[in-house]
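Join these two chains into a complex; the hints should help.
Protein sequence lines correspond, in order, to chains A and V. In our numbering, each residue's number is its place in the first sequence (first place is 1) plus 106. In our numbering, each residue's number is its place in the second sequence (first place is 1) plus 561.
Zero decoy hints are in this set.
Below, a sample of chain A positions facing chain V; criterion: calculated Cβ distance under 8 Å:
#1 F135
#2 K146
#3 K160
The set of hints was computed from the structure by calculation and includes no laboratory data. Ideal Cβ placement from N, Cα and C applies to all residues, glycine included.
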Amino acid sequence: MASYTTNDFRSGLKFMLDGEPVSIVENNFVRPGKGQAFAKTKVLFLLTGRIVEKTFKSGESFKSADVMETDMEYLYADGEFWHFMDSATFEQVAADAKAVGENAKWLTEQDTCMLTLFNGMPILVSPPNFVVQEVTETDPGLKGDTSGSGGKPATLASGAVVRVPLFVQIGEKIKVDTRNGEYVSRA
Amino acid sequence: MSAKVNNLKNKLIKRSGFINRTRQFFEQRTVLEVDTSLLRECSVTDPYMSAFKVSNTLGKHCGFLQTSPEYAMKKLICAGSGDIFQLSKMFRADECGPMHAAEFTMLEWYRVGFELDQLIDEVCEYIQQMLGSRECQKLSYREAFITHLDIDPYSISKAQLAAEATQILGELPEDLLFDNYLTLLFSEKVETQFKPQLITVINEFPASQASLAKTKLSNGIQIAERFEVYCEGMELANGFDELTDAKVQLLRFEQDNQLRKQFGHELIDIDDGFIESLILGLPQCSGVALGIDRLMMIEQSAQHINDVLLS
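Looking at chain V on its own, in the form it has when it is part of the complex (with noise of 0.2 Å):
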């Protein structure tokens, strides 16, 4: 057999043996399967997000390729679904990279009854059976910025930020918004700086980024239960502390729309079914996304996303 033929072999048993892994993780804890729509007739509305625009060959439109299984998933859970996982494909345009392609492999996740805490140590738990034994460091948004650049996300004006940004990063956009200057400065310069051998967990993100989490005040300052989870420089999941309020969640969309008008951006019409279903009830529950390609990169050493993708 070619050289050629035995790596594309290795490539697809090593894959295969991954899916397989996760669907086993998932049955000893008795969570459910389920594969919800890819096609649907409602986007999010996150203003950095862009979606694949469906319309038929005759230009009908037709909906939008899911960025996220989240709005589906959790309508399944105030339906009654109870834990639930979900392994499948999903689609974000213009976003290309060594560790972005627009269709990727997504694995997400809700614990219902479970605190963040008990997630965090689950999605550890995940990434050491896939990868081996590794050890995991917990630390919080603001202390992960003050011990790697020295700056309190909580205590910085914004000009001081822009200047600290710029003077680290080089040459900026004029008009960023402050938390675009965090997590541009978190991506190229805190988390590049965790030891690539850990798994990382950061919890405590600023209240502003909470996107679908709660909010809570801790020791004086509005955080959001949300954690992000980095490991050998990538981030691997992201995961929430899911907000149930239906009002808020609505309050939050309508800002993002309104973030969207001020950058130009096309309006996306709010999920109203989504809402409808939190108002019926979103029973308390944690959730996470995983991007499951970057972590068979660890495993495969691979440099690149698409050498471990089937393209």
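With the rest of the complex left out, here is chain A (with noise of 0.2 Å):
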């Protein structure tokens, strides 16, 4: 397996510290006048979402980590896993809820999502910036208003909560922006 110095330190290297894999986020050379050289780094702990301060001395080696990003259709939940298929080979492979994290309620099925894979196991699941869903309670608002003045909220099929115009009704399907959870239009 491939093996990384601190000099192949740049943002989005991952490698194995500590038996987990990590990404780096930022990473300064710092070479005090005469004495010893470090990498100052931010990385990130792909398994748990932190993200460290840690400081390398300059030189150091790690292994790489076999991870890799892979964009995949979501087909469907049973109550422990979402399920999902690398649509040009057809496998199939199994997210816990630890991978899925607060993204569950972004999954629509059929959309392509892109996901983490640790030695072949989702790590983390990523749903595409925009999805469509199906509203199915929301108050029914007055008719005709278009100011959209605050709006309401409406719950939509997979379980989240958007803000929405006033105008928006049960029934209808709208598009979502899944990094700021906002309404953009009705689709």
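Given below as structure tokens:
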């Protein structure tokens, strides 16, 4: 397996640290006048999402992490796992609640999501930037009101709650930005 | 002419002007320009320096690209050169970042008979001539640590220092030497607090960081006759009242190699020719090395050293 030294550090580089896969978020080369050189970094622990400030001795080496990002189609949830399929090979993987986390509420069947796999197992599921979902519950609101003053909460098919303009009705499909959870338009 | 060509021309003119003004500065002071070899048989024992080892296409070892012209220049002074300066490329493997490049230009000069404070004044004058008028402030290493971090580097224990450094900087390698906690804290949390527009001179470094400087007792503490100069958040120069005692110098080189062994780094042959020159006699002198590319970065408001280099 490939190995890296601190000289290879750059944002996004993934390697093994204390048995866990990490990704470099930020890296600075520090070389005090006559002292030892260091790589002063922020690393993201991919399994927990924790970001830690960590300083390494320049030249220290690490094993690369078998981490890859791949697009997969979301199939269904069985109550315990969320199932995804590689649409080229039809290979399927199951992601647990830890990998899906908060993003569960955006998963829409047949959408293409980005999965981060570590040793072939999903550790992170990122939904597309925009999803289209049906409104299953919302107050009727006033007909003809298009002022959009504040809007109202609406529950979507996946369970997510989004603020929508007053004219949006139950049964309509809407487009939502998953990065900030905001309503974009009617779909 | 395209904007791209204009930018390049501007960069060339600025760089060339800088070099010309540097030469004039030393000509006015009758300091002689020298150009010592960049490929020499020996390198430095400095435990944290990594030099390029050069071999020919048949794999035969030919020497090292020099990380500093210091030994070669001091040999000239031992031979009676008097005041000299050198403006040349230097090479340090494994150094790269916004303020570091493996190949860079160094300005190094020596003044025979100068006390450290005289040289500090001259360095400030040079920087002021290059960058325009700027105020200078001078403080000791200890004052800087106490003012900016409330840590006294001479009374704190290693365990306390390690704990403080970890609290301030996050997770650190476990087995650092005392001085490396200091240098790391200094570069990350002390020098970053100097007012950028000022020329800040730090003197009286701990004796353990003397390198090739003399040491002396000051208020009961052993300190090194060494200074560093900072401006706009960058270290620009490092100077010494040069160590002239061959025996002490040899001992320091041997200690360097012991550290190299401890770190698992390759041992470097001690430059016997340099030690022999010291035995013949180095007159009392003060010398300084200044990273001229960084000075150009300040002049051109560049964020990255590559913006001023002609690579």
